[in-house]
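Chains F and Z are the protein sequences, given in the same order. Position 36 of the first sequence, counted from 1, bears residue number 35 in numbering that gives the first Met the number 0, the numbering being contiguous throughout. Position 218 of the second sequence, counted from 1, bears residue number 217 in numbering that gives the first Met the number 0, the numbering being contiguous throughout.
There's no promise every hint is true.
[Stated by the list, open to error] Listed next, with one range per pair, are the computed distances between beta-carbon atoms: (1) Z:V697 - F:D95: 39 to 49 angstroms; (2) Z:N680 - F:E88: 46 to 56 angstroms; (3) F:A73 - Z:L695: 39 to 49 angstroms; (4) Z:G718 - F:F48: 21 to 31 angstroms; (5) Z:L695 - F:V8: 46 to 56 angstroms; (6) F:P54 - Z:Y712: 37 to 47 angstroms; (7) F:E88 - Z:Y712: 47 to 57 angstroms.
[Stated by the list, open to error] If we take Cβ atoms under 7 angstroms as the criterion, some of the chain Z residues that face chain F in the derived model are: (8) G707; (9) M708; (10) I709; (11) Q710; (12) L713; (13) L714.
No lab work stands behind these hints: they were computed from the structure. Virtual Cβ for every residue (Gly too), placed ideally from N, Cα, C.
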Amino acid sequence: MNDLTPYLVISTTLFCLGIFAVLTRRNAISILMGIELILNACNLNFAAFSRFVTPPDDISGQIISIFGIVLAAAEAAVFLAIILAIYREFSTISPDETDTLKG
Amino acid sequence: MSVVVLFSIILLCPLAAFSVFSLLSLAGRNSPRQDLISTAAMLIAFVCSLLLFVTANPENPDHQTLTWLPLESVDFSMGFYFDSVTAVMLLVVTIVSSLVHIFSIGYMHGDPRYPRFFAFLSLFSFSMLFLVVSDNLLGIYIGWELVGLCSYLLIGFWFEKKSAADACKKAFLTTRVGDVGMFIGMMMLFAKFQTLALYGEDGIFAAVSDLGAGDLTWLSIAGVLIFCGAVGKSAQVPLHTWLPDAMEGPTPVSALIHAATMVAAGVYLAARMFPLLTPDSSLVIAYIGGITALIAATIAIVRFDIKRVLAYSTISQLGYMMLAIGAGSYVAGLFHLTTHAFFKALLFLGSGSVIHAFHASHQAHSHHDENGHSRGSEAPFASFGIDPAQDMRHMGGLRRKMPLTFVTMLIATLSISGVPFLFSGFWSKDAILVEVLYRAMSWHSVHHYILFCTAALAAVITAFYMFRLIFMTFFGEPRNREMYDHVHESPKVMTVPLIILAVLSFPIFNTIVNKGFFENYVKTPEQPHVGSPKHAHDSQSQGVLYAQAGLSVAYAAEDAHQHHDDHAAGEHHNPIHDKAHNIVIPLSFVIVILGIGLSALFYYWKKISAEAVAAKFRPIYNLFWNKYYFDEFYNGAIVAFTVASSRLFGLFDLRVIDGIVNGIGFTVRELFSRLIGWVDNTFVDGLVNWVAQITLSVGGRIRRVQTGMIQNYLLIILGGLVLLILIFRSL
Chain F
0 MNDLTPYLVI
10 STTLFCLGIF
20 AVLTRRNAIS
30 ILMGIELILN
40 ACNLNFAAFS
50 RFVTPPDDIS
60 GQIISIFGIV
70 LAAAEAAVFL
80 AIILAIYREF
90 STISPDETDT
100 LKG
Chain Z
0 MSVVVLFSII
10 LLCPLAAFSV
20 FSLLSLAGRN
30 SPRQDLISTA
40 AMLIAFVCSL
50 LLFVTANPEN
60 PDHQTLTWLP
70 LESVDFSMGF
80 YFDSVTAVML
90 LVVTIVSSLV
100 HIFSIGYMHG
110 DPRYPRFFAF
120 LSLFSFSMLF
130 LVVSDNLLGI
140 YIGWELVGLC
150 SYLLIGFWFE
160 KKSAADACKK
170 AFLTTRVGDV
180 GMFIGMMMLF
190 AKFQTLALYG
200 EDGIFAAVSD
210 LGAGDLTWLS
220 IAGVLIFCGA
230 VGKSAQVPLH
240 TWLPDAMEGP
250 TPVSALIHAA
260 TMVAAGVYLA
270 ARMFPLLTPD
280 SSLVIAYIGG
290 ITALIAATIA
300 IVRFDIKRVL
310 AYSTISQLGY
320 MMLAIGAGSY
330 VAGLFHLTTH
340 AFFKALLFLG
350 SGSVIHAFHA
360 SHQAHSHHDE
370 NGHSRGSEAP
380 FASFGIDPAQ
390 DMRHMGGLRR
400 KMPLTFVTML
410 IATLSISGVP
420 FLFSGFWSKD
430 AILVEVLYRA
440 MSWHSVHHYI
450 LFCTAALAAV
460 ITAFYMFRLI
470 FMTFFGEPRN
480 REMYDHVHES
490 PKVMTVPLII
500 LAVLSFPIFN
510 TIVNKGFFEN
520 YVKTPEQPHV
530 GSPKHAHDSQ
540 SQGVLYAQAG
550 LSVAYAAEDA
560 HQHHDDHAAG
570 EHHNPIHDKA
580 HNIVIPLSFV
590 IVILGIGLSA
600 LFYYWKKISA
610 EAVAAKFRPI
620 YNLFWNKYYF
630 DEFYNGAIVA
640 FTVASSRLFG
650 LFDLRVIDGI
660 VNGIGFTVRE
670 LFSRLIGWVD
680 NTFVDGLVNW
690 VAQITLSVGG
700 RIRRVQTGMI
710 QNYLLIILGG
720 LVLLILIFRS
730 L
């Protein structure tokens, strides 16, 4: 398994699943999960390209992946906090129903 | 002191007195002692005039001028010209004005507009003095109009009386008719000479000598036109009708303006323009003067209003002066002006004294008459349309009540009647008669014989009506006992001016009315011989030229001949002149005796009934009584025509001019405004609205995209991304 293609297939699949989840879910938690999938697809891409395309001693791709994971964790925390606040306000977490800012 | 300083003082004093009043009036204050201010100003001016008169050198005129209004093509100058004529006029004006000021303190006492009266007198004095000292036609014209304005203000001083308000308008408008002629004459001179200055190297008088023979007619027309101004101002026929009406003003005003000074300004103008007068224009002036003298004298016979008699007498005497100037006797005309100023002012002030006394008695008699000006309304007798305080039919016997007024007025009357030797009026009237007869004899001119007869006849009539006035007023039995009982002599402030003026009627007491002195003092200016070569004074060329001008050769030849004689030997040694003199002196006796005798027969001894004579010559009497129907003619012809044409023009204005204006307005409003309004509404507003509408509808459509659903946005972003990728890939 010394080939880039399976990684890209997997990451593309993850990305598409994430997009699909973000676009179709009526639950903010599920959307968050979709976003996490997209992020992880990106991280996978970074790591894969770092492993197969760039010189072996350049590990900046892997490092960016780790940054991405950290960011994803922080983002999930913020996201959940916002969802909690929204729930307190509207008693729902469906993004379609929290439309106060709509013109 | 130099002449300039004295001139400035003379002019500025009355002006300052008037300014005090105007400035205080502007500040809303009343000038407390305006009478004293004005009188003091006039007295100072009088003293300065006397100084000038004494120090003046008649041989060497003083002429000062400076540029007043520099224009691109021509400069207008202002300045003064001081010769013996100016000196005499200054003295006459300041003496009479000072005395009238003093008299007015008594006469106008208690008038509600007392300070204003004195302020106007000061303004008048300033204007008159300005007129007299000006060295150019423009300055004279300015002074001329200013005295006209003052005359208007003072005639209408009691403007509550309708007759006074009408009289001042009439005076203003009538004199304006003459002034228009004068202005046209001035413009003719200006067009020719490009200057209005009279004296000096560039002056009109210097320029006239260079005119050719062809300009003689033109110069005659210009001279007569300028004389038109004098006709209006000096109340000559046919513009004399305003002066009798001007008697509606206070009597001191009549004495100052309408007897002594302003009306004499016309004579002064004619005298100043003397070097411009051609034989033709001189003849016009002489005839107008002669006719005026006779017509006014005949009208005066039948007047009953004491001031109207004096007014017509003034017109008549002014006619005399004009006659003298027109006949070429410049000195005699000015001499009569001087003597007349004194005795006529005296007569008016004397009549003012009588009127004042009567008026006071009328007030004392009817205690409820508080307002001093509503004269006549409560008279206990028929008023005949005349102010009863001025009606001689209510007077009589006043010599016992008012001795001072009587004596002084008698002196003036003797003077104006020409009682020989003792009185100034004799000398001046005699001088005129002699000069006219002398012209007639030396030129063998029929015109001047006619004029001489006219003047002699007018002199008889003058003596007649003046003594009629004296007899009716001061002699006989009082005709109105109630009034007579209350009459008193006027206060000193009024009688003292009378006495001074009476003294001025005697040549032996003062030099200014002395004939010999006057003739030495005032010299006839040399008339430039228009159209003749400068050095050829020969009678032949003169004769030809004057014959071209429409006069007899003899007239002209004799004139040129006389011109030499004058220079050679002086007028008094001229045989023809002596002959004229020898005829006139006895004639003067006849005139005086005839005039006074007839008057006494009618009004003193009452041998002849005036009514009976009037009844016998009813048409002539009616002619005199109705003043030759001049007023009726003017009312019927000129006033009616003016009113009718004004109506016509008014109608024209209303219908045609207004119609055109309204039509244009209507067209513009209907056509242009509507069109532009439509364009505005349709296109401009349409564009604005269209932009708004488009924005609105586009915005309405685009806002649908903004669903507020986050997943939609994401979908769009994704779609956009895919699109971009497809685009970039295809590139």
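We went through each hint and held it up to the structure:
no.	hint	verdict
1	Z:V697 - F:D95: 39 to 49 angstroms	violated, 27 angstroms
2	Z:N680 - F:E88: 46 to 56 angstroms	holds, 53 angstroms
3	F:A73 - Z:L695: 39 to 49 angstroms	holds, 45 angstroms
4	Z:G718 - F:F48: 21 to 31 angstroms	holds, 26 angstroms
5	Z:L695 - F:V8: 46 to 56 angstroms	holds, 51 angstroms
6	F:P54 - Z:Y712: 37 to 47 angstroms	holds, 40 angstroms
7	F:E88 - Z:Y712: 47 to 57 angstroms	violated, 21 angstroms
8	G707	holds, 3 angstroms
9	M708	holds, 6 angstroms
10	I709	holds, 5 angstroms
11	Q710	holds, 5 angstroms
12	L713	holds, 6 angstroms
13	L714	holds, 6 angstroms
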